[in-house]
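Same order as they appear, the protein sequences are chains H and A. The C-terminal position of the first sequence is numbered 310 in this note's numbering, with every residue numbered one higher than the one before it. The C-terminal position of the second sequence is numbered 182 in this note's numbering, with every residue numbered one higher than the one before it.
Derived from the structure by calculation, the hints contain no laboratory data. Check each hint, because a few of them may be wrong.
Stated by the list, open to error - Chain H stretches covered by chain A per the calculated footprint, using a threshold of three residues with CB under 8 Å from any CB of chain A: (1) 238-248; (2) 253-261.
Unchecked claim - Sample of chain A residues lacking proximity to chain H, with all beta carbon distances greater than 10 Å (derived): (3) 12; (4) 42; (5) 68; (6) 72; (7) 75; (8) 80; (9) 86; (10) 90; (11) 112; (12) 116; (13) 125; (14) 139; (15) 150.
Treat the numbers as computed from the prediction; the structure is a model and nothing was measured. Ideal placement from N, C-alpha and C gives every residue a C-beta, glycine not left out.
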Amino acid sequence: MEERQINILLEQAEVQRRLGNHRGATELVQRALALDPDHAQAHASLAFTLLGAKRLAGAGIEARLALGLDANDSFIHHVMAAVLVAERELDDAWAHCLIALEGPAATPEAHVLGARIQILQGDVARAEELLHEALALDAAHTAALSWLARLALDAGDRTTAARHVALALESDPADRDAHVVAGYIDLASGDVSGAEQHARFVLNQTATDEDGLALWAAIQARRSRLLGAWWRWNTWMSRGDERRRVALLIGAFVLAQIAIIVTDELGFEGLTRVLNLAWLGFCAYTWFAPELFRRMLARELGTVHLDPDF
Amino acid sequence: MTYHIADEPIETSLRAYVVRPSTPLFAIMLGGAWLSWPWFAFNAIAMGSPTRRKEIALCLAAFLGTGLLGALVIALARAGVIGSGAPLRLALLAIVTFKLTITYYISMVQERTFHVYEYYGGPVRAAGAILAAGYLLNDLVIGLSDNPLWIIIVSGGVAGGVSSGIAGGISGGIAGAGAGGL
Chain H
1 MEERQINILL
11 EQAEVQRRLG
21 NHRGATELVQ
31 RALALDPDHA
41 QAHASLAFTL
51 LGAKRLAGAG
61 IEARLALGLD
71 ANDSFIHHVM
81 AAVLVAEREL
91 DDAWAHCLIA
101 LEGPAATPEA
111 HVLGARIQIL
121 QGDVARAEEL
131 LHEALALDAA
141 HTAALSWLAR
151 LALDAGDRTT
161 AARHVALALE
171 SDPADRDAHV
181 VAGYIDLASG
191 DVSGAEQHAR
201 FVLNQTATDE
211 DGLALWAAIQ
221 ARRSRLLGAW
231 WRWNTWMSRG
241 DERRRVALLI
251 GAFVLAQIAI
261 IVTDELGFEG
271 LTRVLNLAWL
281 GFCAYTWFAP
291 ELFRRMLARE
301 LGTVHLDPDF
Chain A
1 MTYHIADEPI
11 ETSLRAYVVR
21 PSTPLFAIML
31 GGAWLSWPWF
41 AFNAIAMGSP
51 TRRKEIALCL
61 AAFLGTGLLG
71 ALVIALARAG
81 VIGSGAPLRL
91 ALLAIVTFKL
101 TITYYISMVQ
111 ERTFHVYEYY
121 GGPVRAAGAI
131 LAAGYLLNDL
141 VIGLSDNPLW
151 IIIVSGGVAG
161 GVSSGIAGGI
171 SGGIAGAGAG
181 GL
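Chain H on its own, in the form it takes in the complex (with noise of 0.2 Å):
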């Protein structure tokens, strides 16, 4: 009776993660697991639901503790494969990828995280093998389909990389991956307002979506190169994880006082107040420019519509 209730209780969660409800799916798990604190099953899709809202740290915990119950089970290599994949331990990620894969009831999911892991690690030629293996699988799995696209599109072959787009789109009309990929396409075809039109629907969707973004500044650069090397810049910065932020502007406040330092130390006064005045400019936006970025964004994404057939 209780694993029943536990076994409707993760479905409904799956459901709700999917609809892209994190906390409505969290809060069912959580239900399911008051129910049984040890349900590997339940600890692995709590993992996987904490993932899609970015809490790693809880998705880490929850995976860790998934394998700790159940090391025999495909879809917990899955989900720990993906939270490593999210901390950046690739070889350990494809470790548990491949005990994913070789279970009996391998995924398409599994497959396309295992040609993810490949990219990352550089074997294009292995990830494109994965992708048809997972499109062995189900011939319309989107996200298998956009990641060949991007693989075409990146060796040139804008052919391909439609058709490959094409397939996904009429799987899932409103596929992020497929757009973003549909947008370069058209980008690379001198087509800049059909890029622009797949850019909007990304970015209406999720506002800070990174390639949506990326994709929006290669557009802004088509139009001027000054405001698209700003945008280049926005968007260069807030790519990645906090850590590399936090670097970056770390490395730039070093840089700025070694320079300061130096100047002054050999007597350029005039060269040092420059740089303290352009050092003490670039502070004062650092401070303005993510909300300036983002209101443009907004009254970008607000003034222009998708065209009714789109």
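Chain H is already provided as a structure; the job is to place chain A on it using the hints.
Quick look at chain A alone, frame taken from chain H:
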């Protein structure tokens, strides 16, 4: 009955005093380490952060690390290994960089819990008045002692002219303390 996730904050009676982790981060720039690090530690306790022990340990490590680095720089300056002028200013820059790095790190650790805290509707207090007070009190706190080690520890991770001003002051302090000691 529900399951408690390890990254969720626990309930405390001090929740009304929780501030965004960016506030004590700004405090090291506008005020000094004397305000920033104890504030981070208090915020961790008030928020009921599951990583509060780590955050408090990091705050203590920040004070201790700065103290050790400061003592080393002062000793090397007194021994004549680090000359006055550019070498001393660069050595002090290394300490400021250490202070900024560890402060950003504490902020990042606290930010993770803060996201979850805010996600579940935890109250957040604005603390502009405390920041302003910290800025105004900074000189008073630094001036409590003319010991260069004190100045190194309690001052902030500040930039540009202010930084070189502190470097100048510490340089003078080291020279004075060195002469006194000798």
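Violated hints - listed by number, lowest first: Of the numbered hints given earlier, those the structure breaks are 9, 10, 11 and 12, listed in rising order.
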